[in-house]
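K.L.:
The lines below spell out each chain.
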Amino acid sequence: MIRIEILLTLLGMGAVTYLTRVLFIVFLDDERLTPFLRRCLRFVPVAVLTSIIVPLVAAPGGKFSPTWDNPYFLAGFLTAGLAAATRNLVVTVLGGMGFILLLKAFFI
Amino acid sequence: MIDALPIMVSVFPFGLVYGVLAVKSGLTAVEALLSSIIVLAGASQFISLPLFAAGVSPWVIIGTVFIVNIRHFIMGAALSGRIKEPEVFPRLIASYFLVDETFALTSAVWDTDRTTSARDYLIGCGIVGGTSWIVSTMMGAVFGNLLGDPSRLGLDFAVAAAFIGLLIPQVKGRPEIVVMLWTALFSVFFYLFIPGNWYILLGSILGAITGAMVTHDTD
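As they're listed, the protein sequences go chains A and B. With our numbering applied, the first sequence corresponds to residues 1 to 108, in that order. With our numbering applied, the second sequence corresponds to residues 1 to 219, in that order.
Chain A extracted, bound-state conformation (with noise of 0.2 Å):
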């Protein structure tokens, strides 16, 4: 099943996806940008994943609660420490999900 404005959506999506790909290997050469954009560029990856955790954890549902009774902040903590210990994607999520049970269920 496909509805119209997903499909829409994942067009616009890959649209602007491919600009972004497509725009120094065809049409500009690697000249056009600046030292301080290339090391803008750099960052963007840390930058847009911080921010799309961050309110995540620490204010689910709208509410800013970076606090250890919120099981989603702790929780966050947790898996960005099993993080640096595996680097292992599949292991981060499935300990994520383990310690969000364990919390709400016995200590929040």
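To list a few chain B residues with every Cβ distance to chain A over 10 Å, as calculated: (1) E101; (2) A108; (3) V109; (4) D111; (5) T116; (6) M138; (7) L146.
Each pair of labels, with its calculated beta carbon distance range: (8) G61(A) with L153(B): 16 to 26 Å; (9) E87(B) with G62(A): 50 to 60 Å; (10) G61(A) with T116(B): 50 to 60 Å; (11) F77(A) with R114(B): 42 to 52 Å; (12) G173(B) with E5(A): 39 to 49 Å; (13) N88(A) with A104(B): 15 to 25 Å; (14) R87(A) with I127(B): 26 to 36 Å; (15) V91(A) with D100(B): 14 to 24 Å; (16) K63(A) with L92(B): 41 to 51 Å; (17) G148(B) with M1(A): 14 to 24 Å; (18) A108(B) with F64(A): 42 to 52 Å; (19) T116(B) with L94(A): 30 to 40 Å; (20) D3(B) with L11(A): 29 to 39 Å; (21) W59(B) with G61(A): 16 to 26 Å.
Over 10 Å on every C-beta distance to chain B, these chain A residues come out as not near it, computed from the model: (22) T67; (23) W68; (24) D69; (25) F106; (26) F107.
Worth flagging that the hints you see were computed from the coordinates, not collected in a lab. Heads up, the beta-carbon is just placed ideally off N, CA and C, and yes, glycines get one too.
Starting from the known structure of chain A, arrange chain B on it as the hints suggest.
P.N.:
Okay, now just chain B, sitting in the frame of chain A:
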């Protein structure tokens, strides 16, 4: 093609996780599959999921995906000089396959053997990696539909856990930590005070600029 096996293997579990989370975020299995075919960009597809789940405006989703993917500028600029063939059409094809993994492999191989065609190499490992991504998405989506209530299984936290698993390996030193701390402040501020889910976009832009301000070209 054999060189691309590590890409195939590393992409597969990632695609499975994406497929499961996509159907748990409200996409249908076919929509998840189409996303992997049309967009073919892991991180930005993941990032779209909480936005789809929250039902935000398509413009916010598309704008956020654009920001996530502007790192391709750097990769495209770096590869463009390594592609010697001038023909436009094959370059248009090769561009579709530019992802983190194919970029890393293609530039590494070309730098050790300059007789390799970077263009054909990019297309070759793109086909292998892309197939793995699309097949694993489909399998994950089908499997995800068999799982029950997202909250009961801890799946409501799985998206956040996946992002944490992607972020932590990228933290290589002090500049990344500084960027994380400032971005945390920016994004929470925008999340709480600006309506409409623009916080990812705005937080990322300010965070990346912070990173550029605390580093120098010699870093």
